[in-house]
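Enquirer: Sequence:
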Amino acid sequence: MDSRYSRTKGYYSLFYNEEYNKIQNKTVLVLGAGALGCYISLSLSMYGVRKLIVADYDIIEPSNLNRQILYTESDVGKEKINVLSEKIHKYNSDVQVVLISIKVSSVEELEKIVAEYGSIDFIVKAIDTPIDIIKIVNQFAVSHKISYISGGFNG
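Numbering (UniProt numbering), first residue to last: 1 to 155.
Because the hints were derived from the structure by calculation, they are not lab data. Every residue, glycine too, gets a C-beta built ideally from N, C-alpha and C. Careful: at least some of the hints might be erroneous.
Unchecked claim - Here are the computed lysine-lysine pairs in the DSBU-like style, where the Cα-Cα straight-line distance is at most 30 Å:
{"hint": "1", "residue 1": "K112", "residue 2": "K9"}
{"hint": "2", "residue 1": "K51", "residue 2": "K135"}
{"hint": "3", "residue 1": "K112", "residue 2": "K87"}
{"hint": "4", "residue 1": "K135", "residue 2": "K145"}
{"hint": "5", "residue 1": "K90", "residue 2": "K78"}
{"hint": "6", "residue 1": "K145", "residue 2": "K22"}
{"hint": "7", "residue 1": "K22", "residue 2": "K9"}
{"hint": "8", "residue 1": "K145", "residue 2": "K90"}
{"hint": "9", "residue 1": "K87", "residue 2": "K26"}
{"hint": "10", "residue 1": "K22", "residue 2": "K51"}
{"hint": "11", "residue 1": "K78", "residue 2": "K9"}
{"hint": "12", "residue 1": "K22", "residue 2": "K78"}
{"hint": "13", "residue 1": "K26", "residue 2": "K90"}
{"hint": "14", "residue 1": "K103", "residue 2": "K135"}
{"hint": "15", "residue 1": "K26", "residue 2": "K51"}
{"hint": "16", "residue 1": "K26", "residue 2": "K9"}
{"hint": "17", "residue 1": "K87", "residue 2": "K51"}
{"hint": "18", "residue 1": "K145", "residue 2": "K78"}
{"hint": "19", "residue 1": "K22", "residue 2": "K90"}
{"hint": "20", "residue 1": "K135", "residue 2": "K112"}
{"hint": "21", "residue 1": "K112", "residue 2": "K78"}
{"hint": "22", "residue 1": "K90", "residue 2": "K135"}
{"hint": "23", "residue 1": "K22", "residue 2": "K135"}
{"hint": "24", "residue 1": "K135", "residue 2": "K26"}
{"hint": "25", "residue 1": "K9", "residue 2": "K103"}
{"hint": "26", "residue 1": "K87", "residue 2": "K103"}
{"hint": "27", "residue 1": "K112", "residue 2": "K145"}
{"hint": "28", "residue 1": "K103", "residue 2": "K51"}
{"hint": "29", "residue 1": "K135", "residue 2": "K9"}
{"hint": "30", "residue 1": "K112", "residue 2": "K51"}
{"hint": "31", "residue 1": "K103", "residue 2": "K78"}
{"hint": "32", "residue 1": "K9", "residue 2": "K90"}
{"hint": "33", "residue 1": "K9", "residue 2": "K145"}
{"hint": "34", "residue 1": "K90", "residue 2": "K103"}
{"hint": "35", "residue 1": "K51", "residue 2": "K78"}
{"hint": "36", "residue 1": "K112", "residue 2": "K26"}
What the hints assert, rightly or not - Have a look at the derived ranges for each label pair, beta carbon to beta carbon:
{"hint": "37", "residue 1": "S13", "residue 2": "S93", "range": "18 to 26 Å"}
{"hint": "38", "residue 1": "N138", "residue 2": "V76", "range": "30 to 38 Å"}
{"hint": "39", "residue 1": "I131", "residue 2": "Y47", "range": "25 to 33 Å"}
{"hint": "40", "residue 1": "Q139", "residue 2": "D58", "range": "20 to 28 Å"}
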């Protein structure tokens, strides 16, 4: 058993070993590399999810440093997705992190992500703009039968 995941696999082997193996092979789309996106991306990669697609367009600013755990002062001015990927790989070099520099603002943009990068098993909405982003993600997720969770300042 791979020692990196031995405790997690040990726990799941009591009841859910097959389910844990399924989780590891899922592709998760994380919309946003801010506060919530950092936490979720890092947690999923440490948990054993092997493929993350992270979409964000922003650069790191000093105002991000008090709540976005993967970024430090030396990262200011860099693209969030690039630094996020670099830091995640320091924790788990086995995870594939696909980076998309985009501000998602339409169902069509989500359709392009699927067309270019393949199927998605789960979506984490960790962005707050545009104001109707939850409607956009919901419409896309429902039409593709993809589960999602929404969080952030605007929920």
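Enquirer: Given the hint that K78 pairs with K9, test it: the Cα-Cα distance must not exceed 30 Å.
Expert: violated, 36 Å
Enquirer: Hint check: K87 vs K26, CA-CA at most 30 Å. Holds or violated?
Expert: holds, 21 Å
Enquirer: For a C-alpha distance cap of 30 Å, please report whether K103 and K78 respect it.
Expert: Holds. K103 to K78 sits at ~16 Å (cutoff 30 Å).
Enquirer: K112 and K51 were given as a pair; does the straight-line alpha-carbon distance stay at or below 30 Å?
Expert: Holds, at roughly 18 Å.
Enquirer: Can you confirm whether the C-alpha distance between K135 and K9 stays at or below 30 Å?
Expert: violated, 36 Å
Enquirer: Can you confirm whether the C-alpha distance between K51 and K135 stays at or below 30 Å?
Expert: Roughly 25 Å separates the two Cα atoms, so the pair holds.
Enquirer: Under the criterion that the straight-line Cα-Cα distance not exceed 30 Å, is the pair K90, K135 satisfied?
Expert: violated, 35 Å
Enquirer: Verify the proposed pairing of K22 with K9, using a straight-line Cα cut of 30 Å.
Expert: Satisfied, since the Cα-Cα distance of roughly 12 Å is no more than 30 Å.
Enquirer: For the pair we were handed, K145 and K90, check the Cα-Cα distance against 30 Å.
Expert: With a Cα-Cα distance of about 33 Å, the restraint between K145 and K90 is violated, given a limit of 30 Å.
Enquirer: Given the hinted pair K87 and K103, is their alpha-carbon gap at most 30 Å?
Expert: Between K87 and K103 the Cα gap is close to 22 Å, so the pair holds against 30 Å.
Enquirer: Take the C-alpha atoms of K9 and K90, compute the straight-line distance between them, and say whether it is at most 30 Å.
Expert: holds, 21 Å
Enquirer: Would the pair K22 and K51 pass a check requiring their Cα atoms to be no farther apart than 30 Å?
Expert: holds, 12 Å
Comparing the model with each earlier hint shows violations of hints 1, 8, 11, 12, 18, 22, 25, 29; every other hint is respected.
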